[in-house]
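A.B. asks: From just these sequences and the hints, can you work out the full model?
There are 2 protein chains.
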Amino acid sequence: MDHLDMSDQGEQRIERLPLHEAILNRLRDMIIEGHLPPGARLNEGQIGLQLGVSRTPLREAIKYLASEGLVELIPSRGAVVKTFGAKEVRDMLEVVRMLEQQAGALACQLADDAGIARIRNLHDDMLAHYARRDRLAYYKVNQAIHTGIVALARNEALSDVHARLQTRLKRVRFIGHEGAEKWASAVTEHEEMIAALEARDAPRLTEILGRHLRLAWDRVRHDIPGAPEVD
Amino acid sequence: MDHLDMSDQGEQRIERLPLHEAILNRLRDMIIEGHLPPGARLNEGQIGLQLGVSRTPLREAIKYLASEGLVELIPSRGAVVKTFGAKEVRDMLEVVRMLEQQAGALACQLADDAGIARIRNLHDDMLAHYARRDRLAYYKVNQAIHTGIVALARNEALSDVHARLQTRLKRVRFIGHEGAEKWASAVTEHEEMIAALEARDAPRLTEILGRHLRLAWDRVRHDIPGAPEVD
DNA sequence: ATCAATAATTCTGTATACAGAAGACAATGA
DNA sequence: TCATTGTCTTCTGTATACAGAATTATTGAT
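Protein chains in written order, with UniProt numbering: chain L, 1 to 231; chain S, 1 to 231.
Keep in mind that the hints were calculated from the coordinates and are not lab data. Heads up, some of the hints might be wrong.
Since copy identity is lost for identical chains, a pair holds within one copy or between any two.
What the hints assert, rightly or not - Below, a list of computed lysine to any residue pairs in the SDA-like style, where the Cα atoms sit at most 20 Å apart:
#  : residue 1 : residue 2
1  : Lys170    : Asp160
2  : Lys170    : Ser67
3  : Lys87     : Lys170
4  : Lys182    : His222
5  : Lys82     : Arg28
6  : Lys170    : Ala137
7  : Lys82     : Glu68
8  : Lys82     : Ser67
9  : Lys87     : Thr167
10 : Lys87     : Glu156
C.D. replies: Now the structure itself:
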C-alpha cells in the first residue's frame, strides 16, 4: 500500500501558516500513506533534508505526532512509527463505535436539516465512487461521512477524541482490500445509516452504527498481523 | 487556586529519562496547578530560565502539550494556556461520562477480583481523606478511582482518550469548592459505585456513573466563567 | 570463517545564534 | 488630551554547532 496519496487537495496555500503546521501535515501524510511504514525509524537528518527544513522544527512536529499517538518516542533513539497490533486495532474500533453511536443519537436530536442534507450529499458522492470502484475516493468520503455525523452532535470534545482515533486507524483501515461482497454490504449499511439519520430515528441509527463498526473489524482483521482467526 | 501542588510524589528519579519528559511534566503541572493561569502566554525565555533548560527542548514539550490540548499555538505569538468555556467543560464531562459508563460495563465482565479489590482499597483511602476533609488527597484518589475503573475495561485506547480528557479537566474540576452537602453526596455515589462494581452489576454501575458525572457538572458549573445559571 | 573487541561513524539531545515579526513606547501633531 | 507614526525592545521561528549515546564497520584472535 505504498504511495497512496491520501493527502487532501493541493498544498498551495498562500497564507503563511507557521512552518510547523506544514511539516506536521507532510509527516502525518508520510505515515498514513505508508511512505514511512510501521516500525520505521524517523531519521531527522534525512527527513529534514527531504522536506527542506532543519531538524529544529521537524523535531517539534515529531513531538506533536507523538502526542497524537502516531509515533513513539524512544529515549536516545528518536521516534519510530507506531505499530498497532490486532488487539489495539480492535480496541480502537470499539471506542470509535461507542463514540459514533453516542454521536449519532445526539445528532438525531440536535442536527439541523441542512447538516443532515450535507451528509446525504456526501453519501451520494460516495455511491458514485463506489459505482466506479474508486477505492481511494470512496475511502475518503467514507471517512468524511463518519466524521460529519460525529460533528452533528455539536460536541467538540467528542469530535476531538474521535478524530484522534480515526487518524490512527486511517492507515490500517484503508488496507482492507475487502472483497466485492463485503464492500457491497458496507455500502448497504451506509444506506440504512443515512435513512435512519434522516428519519432522526436514534435507536435505529445507533443499532446500525454498532453493526457497521463491528463489521469494520471483520473487514480489516485479516490484514492485521497477529490477528486471531477466530475470537 | 494557586500553588496547589498536585504533583505526584517526589521527582528524585535516578534513571536518566530524556529531559523532554521532565520538562513536559513540570510544564503540565504548572498549568494544572494554576501557576500558569488560563490565557497566560508561555514566555519561552522566562520559563526556560526558570526550569534551567534552553528553549529547544522546551519548545518541543510545548508542542506536545498543544497536541494534548492543554495549550494553544498561536502563529508568531507562541503558546497560550487554553481557556475552557462552560460549554466546552460540559461537553468534555459528557464524553467522560460516556466513556466511563462503557468502561464500567466492560469492567463488570472483564475485571478480575484482584482488580476490583484494588479499587475498593482506593475507595477506602478516599473515605479516610474525606473524614479528615483533606480536599487535595481526596481529589487525587478520586481521580485514581475513576482512572482505575476505566483501566479495568482492559482497553488501552479507551484509557487513552479518557486520560486525555481527565487531564484537561483536572484544573477546572478541582476548583469545585463544593459545599459539605454536595461533597457528601459525591461520596455516597462513590459508595454505590463500588458496591455495583463488586456485584458486577453492569446496568446499575452504568446508571450510577451516569448520575455521578451528570452531577459533576452541577458541582463545577458555578466556578466556570460564563456558565448559565440554568440550562 | 566466526566471533569479540574496538575504532569510526551516524544520529540524537541540547544549546546557542540570528533574522524577522509582534508589541511597547515615546515623540509629534491635531 | 488624544490619536498616530516611527523607533526600539522583546519574543518567536529556524538554522547551526557541539557533546555524547547508539550503531556500524573494522580488525584481530581463535
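A.B. asks: Does each hint hold? Answer for all of them.
C.D. replies: Right, here's what the structure says about each hint:
1. Lys170 - Asp160: Classified as both: same-chain Cα gap 15 Å, cross-chain 18 Å, threshold 20 Å.
2. Lys170 - Ser67: both (17 Å within a copy, 18 Å between copies)
3. Lys87 - Lys170: within (16 Å within a copy, 30 Å between copies)
4. Lys182 - His222: So Lys182 and His222 pass the 20 Å test inside one copy only (13 Å; across, 51 Å).
5. Lys82 - Arg28: Cα proximity of Lys82 and Arg28: one copy only (12 Å, versus 24 Å across).
6. Lys170 - Ala137: Answer is within: at 14 Å inside a copy they meet the 20 Å cutoff, but 41 Å across does not.
7. Lys82 - Glu68: Result: close both inside a copy and across copies, 11 Å intra and 18 Å inter.
8. Lys82 - Ser67: both (12 Å within a copy, 17 Å between copies)
9. Lys87 - Thr167: within (17 Å within a copy, 25 Å between copies)
10. Lys87 - Glu156: Answer is between: at 9 Å across copies they meet the 20 Å cutoff, but 27 Å inside does not.
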